[in-house]
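Using the working numbering, the first residue of the sequence shown is number 112, and each one after it goes up by one.
Worth flagging that the hints you see were computed from the coordinates, not collected in a lab.
If you're wondering where the values come from, they're calculated on a predicted model, not measured in any experiment.
Careful, some of the hints might be misleading.
[Stated by the list, open to error] Cβ-Cβ distance ranges computed for the label pairs, FRET-style:
(1) G295 / D421: 39 to 49 Å
(2) G324 / A296: 50 to 60 Å
(3) Q272 / N516: 25 to 35 Å
(4) S461 / E160: 24 to 34 Å
(5) H346 / A469: 34 to 44 Å
(6) G324 / E449: 22 to 32 Å
(7) R298 / H273: 13 to 23 Å
(8) S461 / D202: 34 to 44 Å
(9) T401 / E178: 39 to 49 Å
(10) A434 / E152: 46 to 56 Å
The C-beta atom is built at its ideal place from N, Cα and C for all residues, glycine as well.
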Amino acid sequence: MADAQALDEVVGFTSDLIRIDTTNRGGGDCRERPAAEYAAERLAGAGLEPVLLERTPGRTNVVARIEGTDPSADALLVHGHLDVVPAQAEDWSVHPFSGEVRDGVVWGRGAVDMKNMDAMILAVVRSWARQGVRPRRDVVIAFTADEEASAEDGSGFLADQHAGLFEGCTEGVSESGAYTFHDGAGREIYPIAAGERGTAWLKLTARGRAGHGSKVNRENAVTRLAAAITRIGSHEWPVRLTPTVRAALTELAAVYGVEADLRDVDALLDKLGPAGHLVEATLRNSANPTMLEAGYKINVIPGEAVAHVDGRYLPGGEEEFRATLDRLTGPDVDWEFEHREVALQAPVDSPSFAAMRAAVKEFAPEGHVVPFCMGGGTDAKQFSRLGITGYGFSPLKLPEGFDYNALFHGVDERVPVEALHFGVRVLDRFLRTA
Numbered sequence: 112m113a114d115a116q117a118l119d120e121v122v123g124f125t126s127d128l129i130r131i132d133t134t135n136r137g138g139g140d141c142r143e144r145p146a147a148e149y150a151a152e153r154l155a156g157a158g159l160e161p162v163l164l165e166r167t168p169g170r171t172n173v174v175a176r177i178e179g180t181d182p183s184a185d186a187l188l189v190h191g192h193l194d195v196v197p198a199q200a201e202d203w204s205v206h207p208f209s210g211e212v213r214d215g216v217v218w219g220r221g222a223v224d225m226k227n228m229d230a231m232i233l234a235v236v237r238s239w240a241r242q243g244v245r246p247r248r249d250v251v252i253a254f255t256a257d258e259e260a261s262a263e264d265g266s267g268f269l270a271d272q273h274a275g276l277f278e279g280c281t282e283g284v285s286e287s288g289a290y291t292f293h294d295g296a297g298r299e300i301y302p303i304a305a306g307e308r309g310t311a312w313l314k315l316t317a318r319g320r321a322g323h324g325s326k327v328n329r330e331n332a333v334t335r336l337a338a339a340i341t342r343i344g345s346h347e348w349p350v351r352l353t354p355t356v357r358a359a360l361t362e363l364a365a366v367y368g369v370e371a372d373l374r375d376v377d378a379l380l381d382k383l384g385p386a387g388h389l390v391e392a393t394l395r396n397s398a399n400p401t402m403l404e405a406g407y408k409i410n411v412i413p414g415e416a417v418a419h420v421d422g423r424y425l426p427g428g429e430e431e432f433r434a435t436l437d438r439l440t441g442p443d444v445d446w447e448f449e450h451r452e453v454a455l456q457a458p459v460d461s462p463s464f465a466a467m468r469a470a471v472k473e474f475a476p477e478g479h480v481v482p483f484c485m486g487g488g489t490d491a492k493q494f495s496r497l498g499i500t501g502y503g504f505s506p507l508k509l510p511e512g513f514d515y516n517a518l519f520h521g522v523d524e525r526v527p528v529e530a531l532h533f534g535v536r537v538l539d540r541f542l543r544t545a
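Build out the structure end to end from the sequences listed, making use of the hints.
Set out below in structure tokens:
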């Protein structure tokens, strides 16, 4: 088991990493190197030999390998990103880069996304070094840049240019899973991610005939774009149940003692109450208009209008997504991918999933561990290019009323100290036995 020093270190590491401002504003505006050097120093202090890798100066990644006791076993990747989304200090109760520890809670941007997990990894590895522990299988540690944007300077760069560092890795674990979801009726649910919807960020372009705003214009680009956006925004996507979501619904139904009638999923969600939110966003593809750009003067009809859409598609759903967008945009609007990443699916009957379930149950025996599919995406998408199956496993035991998902990219992001201690214990247990 992780030693007492690891429980102290995870809090200090989380706080220190938050104080290192690694805000990723997109377009290359980020510098992860100070955080990468911090992590590398602590890995080196555990007797490892971390390497620092950059595609772009300042956009630094860290990779290290721990040799396991069974050379015939497949290696496991454990990864976390170092960058964070922007935060406006005036909106927060504490400064978002203070890393303040107050009333048993660590505050700041990255406290749950995901410098907490980075700190857990460092604390566990250093605890192993002090105790002389080696895992059964090789464990590759990776701290990445640029996850909050394109990942081109982070996991994409590592997968494309440094695949050899991940030799033998068949599975990986990272963010967004094994946290406490309180259903409001006394149950604690721990969802472990075994899939991700694909990312489809789209640019829509409508072209028409430019002209004076006072004239009749049947080829108005703004009108054409608005009609397409309205169709997209109001479209009802059909239910498509992936194996992971089927498993999630089946296991949740068992928790609540209701029939898992997958022929009427909406009715089943009603019976699951708040727990239905864990799967609601992954029953269907989705496309949400988010940005509009058109015109330069009120009395001038522009010849072009542009919109941006955040699209997500289920594993196996990309072909349907494309065909639907073709139909909804119509003949007068073109669309293209501005950023596209694959959908992922991981088996929920694997030995690794069973080991994750067992690790959570050891320290939260009252909890119900279930699989789920993530609505968004992680670095697991890029590492999948290397044949690595990804799971979301960043364990935290959270008190009731602590809305984990609302704090992702939200104001007053924070994590309880006790949640970090739980995370270290569970992660240590899993990595030793996986």
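### Task
Please test the hint of 39 to 49 Å on the beta carbon pair from G295 and D421.
violated, 29 Å
### Query
Honestly, do S461 and D202 meet the 34 to 44 Å range at C-beta?
Given about 42 Å between the Cβ atoms, the range holds.
### Task
With respect to the beta-carbon atoms only, verify the hint that H346 and A469 lie 34 to 44 Å apart.
42 Å Cβ-Cβ, so the 34 to 44 Å window holds.
### Task
Could you see if the CB distance from R298 to H273 stays within 13 to 23 Å?
Once the Cβ atoms are compared, 43 Å apart, the range 13 to 23 Å for H273 and R298 is violated.
### Query
Quick one: are A434 and E152 within 46 to 56 Å, going by C-beta?
Cβ of A434 to Cβ of E152: about 51 Å, so the range 46 to 56 Å holds.
### Message
Given the hint of 24 to 34 Å, is the C-beta distance from S461 to E160 inside that range or not?
### Response
holds, 30 Å
### Message
Within 50 to 60 Å: is that where the Cβ-Cβ distance between G324 and A296 falls?
### Response
holds, 57 Å
### Message
Please check whether G324 and E449 have a Cβ separation lying inside 22 to 32 Å.
### Response
holds, 30 Å
### Query
Are T401 and E178 spaced within 39 to 49 Å by their CB atoms?
Taking Cβ atoms as reference, T401 and E178 lie about 46 Å apart, which means the hint holds.
### Query
Quick one: are Q272 and N516 within 25 to 35 Å, going by C-beta?
Because 34 Å falls inside the window, the suggested range holds.
The structure fails hints 1, 7 (numbered hints given earlier, in ascending order).
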